[in-house]
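Asker: Now for the letters of each chain:
There are 2 protein chains.
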Amino acid sequence: MFNFKITTKDKKTKARSGILKTPHGVIHTPAFVPVSTKGALRGLSFEDAKKYGADVFMVNTYHLFHNSRYKIIKKFGGLHKYLKINFPLMTDSGGFQVFSLGFAREHGVGKIFSFFPGETKNSGKIKESKTSKNKNLVKIYDDGVEFRDPISGTKLNLTPELSMKIQADLGADLIFTFDECTSPLSDYAYTKKSLLRTNKWAIKSLSAFEKYDKKKQALFGIVQGGEWKDLRKESARFIGSLPFFGIGIGGSLGKSKKDMRRILDFTLPLLPEEKPKHLLGIGEVEDIFNGVERGIDLFDCVIPTRLARHGTAFTHEGKMNLKNSGFLKDKNPIDKNCLCRVCKIYSRSYVSHLLREKEIYGIMLLTEHNLAFMLNLMKEIRRAIKENYFLKIKRHILSYLL
Amino acid sequence: MFNFKITTKDKKTKARSGILKTPHGVIHTPAFVPVSTKGALRGLSFEDAKKYGADVFMVNTYHLFHNSRYKIIKKFGGLHKYLKINFPLMTDSGGFQVFSLGFAREHGVGKIFSFFPGETKNSGKIKESKTSKNKNLVKIYDDGVEFRDPISGTKLNLTPELSMKIQADLGADLIFTFDECTSPLSDYAYTKKSLLRTNKWAIKSLSAFEKYDKKKQALFGIVQGGEWKDLRKESARFIGSLPFFGIGIGGSLGKSKKDMRRILDFTLPLLPEEKPKHLLGIGEVEDIFNGVERGIDLFDCVIPTRLARHGTAFTHEGKMNLKNSGFLKDKNPIDKNCLCRVCKIYSRSYVSHLLREKEIYGIMLLTEHNLAFMLNLMKEIRRAIKENYFLKIKRHILSYLL
Numbered sequence: 019m020f021n022f023k024i025t026t027k028d029k030k031t032k033a034r035s036g037i038l039k040t041p042h043g044v045i046h047t048p049a050f051v052p053v054s055t056k057g058a059l060r061g062l063s064f065e066d067a068k069k070y071g072a073d074v075f076m077v078n079t080y081h082l083f084h085n086s087r088y089k090i091i092k093k094f095g096g097l098h099k100y101l102k103i104n105f106p107l108m109t110d111s112g113g114f115q116v117f118s119l120g121f122a123r124e125h126g127v128g129k130i131f132s133f134f135p136g137e138t139k140n141s142g143k144i145k146e147s148k149t150s151k152n153k154n155l156v157k158i159y160d161d162g163v164e165f166r167d168p169i170s171g172t173k174l175n176l177t178p179e180l181s182m183k184i185q186a187d188l189g190a191d192l193i194f195t196f197d198e199c200t201s202p203l204s205d206y207a208y209t210k211k212s213l214l215r216t217n218k219w220a221i222k223s224l225s226a227f228e229k230y231d232k233k234k235q236a237l238f239g240i241v242q243g244g245e246w247k248d249l250r251k252e253s254a255r256f257i258g259s260l261p262f263f264g265i266g267i268g269g270s271l272g273k274s275k276k277d278m279r280r281i282l283d284f285t286l287p288l289l290p291e292e293k294p295k296h297l298l299g300i301g302e303v304e305d306i307f308n309g310v311e312r313g314i315d316l317f318d319c320v321i322p323t324r325l326a327r328h329g330t331a332f333t334h335e336g337k338m339n340l341k342n343s344g345f346l347k348d349k350n351p352i353d354k355n356c357l358c359r360v361c362k363i364y365s366r367s368y369v370s371h372l373l374r375e376k377e378i379y380g381i382m383l384l385t386e387h388n389l390a391f392m393l394n395l396m397k398e399i400r401r402a403i404k405e406n407y408f409l410k411i412k413r414h415i416l417s418y419l420l
Numbered sequence: 019m020f021n022f023k024i025t026t027k028d029k030k031t032k033a034r035s036g037i038l039k040t041p042h043g044v045i046h047t048p049a050f051v052p053v054s055t056k057g058a059l060r061g062l063s064f065e066d067a068k069k070y071g072a073d074v075f076m077v078n079t080y081h082l083f084h085n086s087r088y089k090i091i092k093k094f095g096g097l098h099k100y101l102k103i104n105f106p107l108m109t110d111s112g113g114f115q116v117f118s119l120g121f122a123r124e125h126g127v128g129k130i131f132s133f134f135p136g137e138t139k140n141s142g143k144i145k146e147s148k149t150s151k152n153k154n155l156v157k158i159y160d161d162g163v164e165f166r167d168p169i170s171g172t173k174l175n176l177t178p179e180l181s182m183k184i185q186a187d188l189g190a191d192l193i194f195t196f197d198e199c200t201s202p203l204s205d206y207a208y209t210k211k212s213l214l215r216t217n218k219w220a221i222k223s224l225s226a227f228e229k230y231d232k233k234k235q236a237l238f239g240i241v242q243g244g245e246w247k248d249l250r251k252e253s254a255r256f257i258g259s260l261p262f263f264g265i266g267i268g269g270s271l272g273k274s275k276k277d278m279r280r281i282l283d284f285t286l287p288l289l290p291e292e293k294p295k296h297l298l299g300i301g302e303v304e305d306i307f308n309g310v311e312r313g314i315d316l317f318d319c320v321i322p323t324r325l326a327r328h329g330t331a332f333t334h335e336g337k338m339n340l341k342n343s344g345f346l347k348d349k350n351p352i353d354k355n356c357l358c359r360v361c362k363i364y365s366r367s368y369v370s371h372l373l374r375e376k377e378i379y380g381i382m383l384l385t386e387h388n389l390a391f392m393l394n395l396m397k398e399i400r401r402a403i404k405e406n407y408f409l410k411i412k413r414h415i416l417s418y419l420l
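So the sequence lines, in the order shown, correspond to chains Z and H. According to our numbering, the stretch in the first sequence is residues 19 to 420, in order. According to our numbering, the stretch in the second sequence is residues 19 to 420, in order.
Heads up, a few of these hints could be off.
It does not matter which identical chain is used: a pair holds within one copy or between any two.
Said to hold, decoys possible - In silico DSSO-like cross-links for lysine-lysine, where the CA-CA straight-line distance does not exceed 30 Å:
no.	residue 1	residue 2
1	K222	K293
2	K211	K410
3	K354	K56
4	K99	K376
5	K92	K362
6	K173	K210
7	K56	K376
8	K211	K354
9	K183	K56
10	K68	K341
11	K376	K69
12	K275	K293
13	K56	K347
14	K68	K102
15	K173	K89
16	K376	K183
17	K273	K151
18	K68	K354
19	K251	K276
20	K56	K349
21	K99	K229
Calculated from the structure, these hints are not laboratory results. Quick caveat, the model's predicted, so the values are computed rather than measured.
Can you build the whole structure from these sequences, using the hints too?
Answerer: Encoded structure:
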């Protein structure tokens with residue numbers, strides 16, 4: 019039921035386009051995977067996102083685990099039946115929350131993105147959060163992780179075996195091993211120790227997955243190792259040697275976009291070429307070009323939808339914050355080069371007015387536009403790979419944006 | 019360009035169905051007018067609401083006045099061009115905010131609606147707000163009103179003449195005179211004084227409206243007088259004698275549903291039968307039946323959309339709060355007898371899950387359902403009037419709901 023076929027390889031780079039078949043339909047790669055954290059996009063229906071070319075969506079296991087919601091979803095027959103959709107879905111493993119509720123809080127860092135025009139060049143850099151440092155809510159043991167609920171204080175244990183069980187109950191097409199997503203502020207010694215544990219969890223996840231239906235789900239392993247070359251290489255060789263359907267690249271990719279490129283440069287060549295590769299949680303336009311150029315097939319990221327809620331529009335002129343009062347008189351569409359419904363109909367003025375007034379419909383319009391923008395970008399990239407002008411379109415689009 | 023024709027009269031009551039023609043299309047009455055306060059429904063596009071049978075929408079003048087947004091909208095050519103819609107619109111006059119920012123705060127009262135099942139029988143009753151009493155932000159003078167912004171403290175003056183000018187700039191099809199919407203806690207002496215002023219403002223509004231294009235807009239006068247029979251009658255005779263296209267019934271309708279029925283009973287017979295009549299800000303299901311029965315043609319109300327944001331669904335079994343955990347396992351649609359998109363596709367469980375998780379898509383789904391419910395109710399009422407079973411359907415539906 020699962021198959022990944024590379025259909026075209028770029029002649030000048032490692033970029034490739036392909037088709038990933040799942041029981042719920044095909045995914046055209048390179049693909050952007052919109053994140054529907056709790057089983058819904060924030061401001062748009064799955065059907066509407068699908069119309070713009072979204073082939074697959076990511077749901078976060080942790081957010082359906084901590085409230086036991088996965089048990090209800092299982093009784094409905096899984097996520098597809100619960101969400102009433104008939105196209106491919108992914109679930110992550112909960113490994114990202116080991117970071118986001120753990121060291122991300124303790125270190126006061128995160129995967130921070132720029133919110134305003136002019137900051138584009140710094141975006142993706144890890145920087146200290148504006149919020150004060152908070153208590154680490156995660157205890158990591160050899161066999162799994164203990165989460166403490168930020169409000170109730172309730173303790174929850176997640177293990178590789180339980181993550182696989184929950185993901186089997188949820189029934190997404192593509193699922194991930196349970197890992198520790200490391201912090202950019204973790205040192206070499208800690209990252210090495212963590213990698214050993216993550217590798218053991220990969221084996222445990224793979225072994226637990228044996229029990230479940232491989233016709234319905236395919237498992238991705240996850241490469242970790244932080245920003246250290248030897249650790250990333252060790253992880254890539256190890257994960258690459260195991261019988262995973264696909265491979266995710268997770269954890270800290272350093273402290274800048276340069277670090278990210280460097281890490282991908284020495285990691286990707288060690289992975290089996292024929293397997294689909296997913297760059298976890300990354301999805302700025304520049305990152306997508308850099309990833310595709312190095313052989314990445316899948317990207318999931320909250321930024322088009324999250325930035326929409328903050329008023330930031332993705333456009334061919336770069337990012338712009340439509341809450342700025344200057345846009346109130348602007349009769350242009352959000353992006354003159356965009357063919358989405360919002361840009362066909364509405365002015366920047368109207369969207370700006372609604373966003374400034376905290377109207378839900380403003381968020382809905384900008385979410386629709388931003389997702390359409392990203393999904394259209396992926397279409398352009400796939401076409402460019404097929405017609406052999408990937409580097410040209412990369413330079414062209416990034417010259418607008420940077 | 020404007021015309022109101024009563025097409026059928028019920029044989030047993032004063033209920034009637036009709037067609038109100040405007041330059042942007044027709045309104046089938048009795049009609050429910052969804053409120054798009056700042057120029058958008060909270061969670062649904064105008065187009066989608068239109069598909070469910072919304073013929074006309076209400077925009078609030080005050081919310082486009084205090085921020086000078088109406089000046090920008092004028093530059094776009096008015097609301098229709100700004101919102102990109104080609105169907106009828108209404109604007110109110112700002113008179114409701116004389117109450118909501120004034121005595122409503124000082125008296126700690128409002129048009130409070132029930133939020134939970136079992137409260138239906140009390141809904142619509144005026145009761146003391148749970149929030150503490152706040153400072154009255156309104157000073158009322160003979161020639162107009164001074165509003166003070168709750169945050170900045172900036173002072174704003176609104177007069178009948180300015181309200182007419184703003185409403186002309188906004189360019190809605192149906193507009194209202196500037197009035198003072200009185201509080202249910204105002205006494206007889208105050209209400210009498212206020213009515214005298216409101217009557218003067220009606221003349222001033224009418225006179226100011228002379229300057230504007232009567233092919234594009236039609237003006238409704240507003241009957242006030244609180245809960246007092248002699249004042250309501252005086253107001254009805256006065257407003258009814260002036261050359262308004264239609265008549266709104268505003269202000270305090272007493273302290274219970276019984277009061278509301280009583281006030282409508284002695285007010286409506288004094289108004290010219292052939293003019294369209296709008297019951298301002300009222301729209302519980304029971305109120306709609308009581309209003310239609312007495313000859314009301316138009317209702318605007320925020321409750322289907324506001325309650326949706328609080329998790330309350332309108333159904334043929336009464337109102338239910340889908341945030342209650344009992345709905346998490348419920349595989350039924352929100353309302354088995356509803357034909358809306360949401361009820362065709364989704365379970366109560368999914369909507370409940372999204373609402374409990376504060377997901378925007380949950381609000382979107384419930385807003386769509388609640389509006390579809392109200393708009394479908396109006397279709398049923400119009401059909402019942404045409405086919406002469408209005409009282410039967412009233413009894414039938416209210417027996418479910420109460």
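Asker: Each hint needs a verdict: does it hold in this structure or not?
Answerer: Here's how the hints hold up against the structure:
In this assembly of identical chains, K222 and K293 lie within 30 Å of each other by CA distance solely inside one copy; the values are 21 Å within and 76 Å between copies. Neither within a single protomer nor between protomers do K211 and K410 lie at most 30 Å apart by alpha-carbon distance, with minima of 42 Å and 75 Å respectively. In this homomeric assembly, K354 and K56 come within 30 Å of each other (Cα to Cα) only across copies, at 26 Å, whereas the closest approach inside a single copy is 33 Å. Taking identical chains as interchangeable, the C-alpha atoms of K99 and K376 lie at most 30 Å apart only when they sit on different chains, with a minimum of 21 Å there against 33 Å within one chain.
Only between protomers do K92 and K362 lie at most 30 Å apart by alpha-carbon distance; the minimum there is 21 Å, versus 40 Å within a single protomer. For a Cα distance limit of 30 Å, the shortest separation of K173 from K210 inside one copy, 27 Å, qualifies, whereas the shortest one across copies, 63 Å, does not. With identical chains, the CA atoms of K56 and K376 are at most 30 Å apart both within one copy (22 Å) and between copies (10 Å). Taking the shortest alpha-carbon separations for K211 and K354, neither the intra-copy value of 50 Å nor the inter-copy value of 56 Å comes in at or below 30 Å.
In this assembly of identical chains, the alpha carbons of K183 and K56 lie at most 30 Å apart only when taken from the same copy (18 Å versus 47 Å across copies). Proximity of K68 and K341 under a CA criterion of 30 Å is satisfied in both settings, with 28 Å inside one chain copy and 28 Å between copies. Taking the closest pair of Cα atoms, K376 and K69 come within 30 Å of each other both inside a single copy (27 Å) and across two copies (25 Å). Proximity of K275 to K293 under the C-alpha cut-off of 30 Å is restricted to the intra-copy arrangement: shortest distance 25 Å within a copy versus 68 Å between copies.
Taking identical chains as interchangeable, the C-alpha atoms of K56 and K347 lie at most 30 Å apart only when they sit on different chains, with a minimum of 16 Å there against 37 Å within one chain. Taking identical chains as interchangeable, the C-alpha atoms of K68 and K102 lie at most 30 Å apart whether they share a chain (13 Å) or sit on different chains (25 Å). With identical chains, the CA atoms of K173 and K89 are at most 30 Å apart within one copy only, with a shortest distance of 18 Å there and 55 Å across copies. With identical chains, the CA atoms of K376 and K183 are at most 30 Å apart between copies only, with a shortest distance of 26 Å across copies and 40 Å within one.
With identical chains, the CA atoms of K273 and K151 are at most 30 Å apart within one copy only, with a shortest distance of 18 Å there and 52 Å across copies. In this assembly of identical chains, the alpha carbons of K68 and K354 lie at most 30 Å apart whether taken from the same copy (22 Å) or from different copies (28 Å). Only within a single protomer do K251 and K276 lie at most 30 Å apart by alpha-carbon distance; the minimum there is 18 Å, versus 78 Å between protomers. In this homomeric assembly, K56 and K349 come within 30 Å of each other (Cα to Cα) only across copies, at 18 Å, whereas the closest approach inside a single copy is 36 Å.
Taking CA atoms no more than 30 Å apart as the test, K99 paired with K229 passes inside one copy only; the shortest distance there is 22 Å, against 60 Å between copies.
Hint compliance for this structure: hints 2, 8 are not met, and every other hint is.
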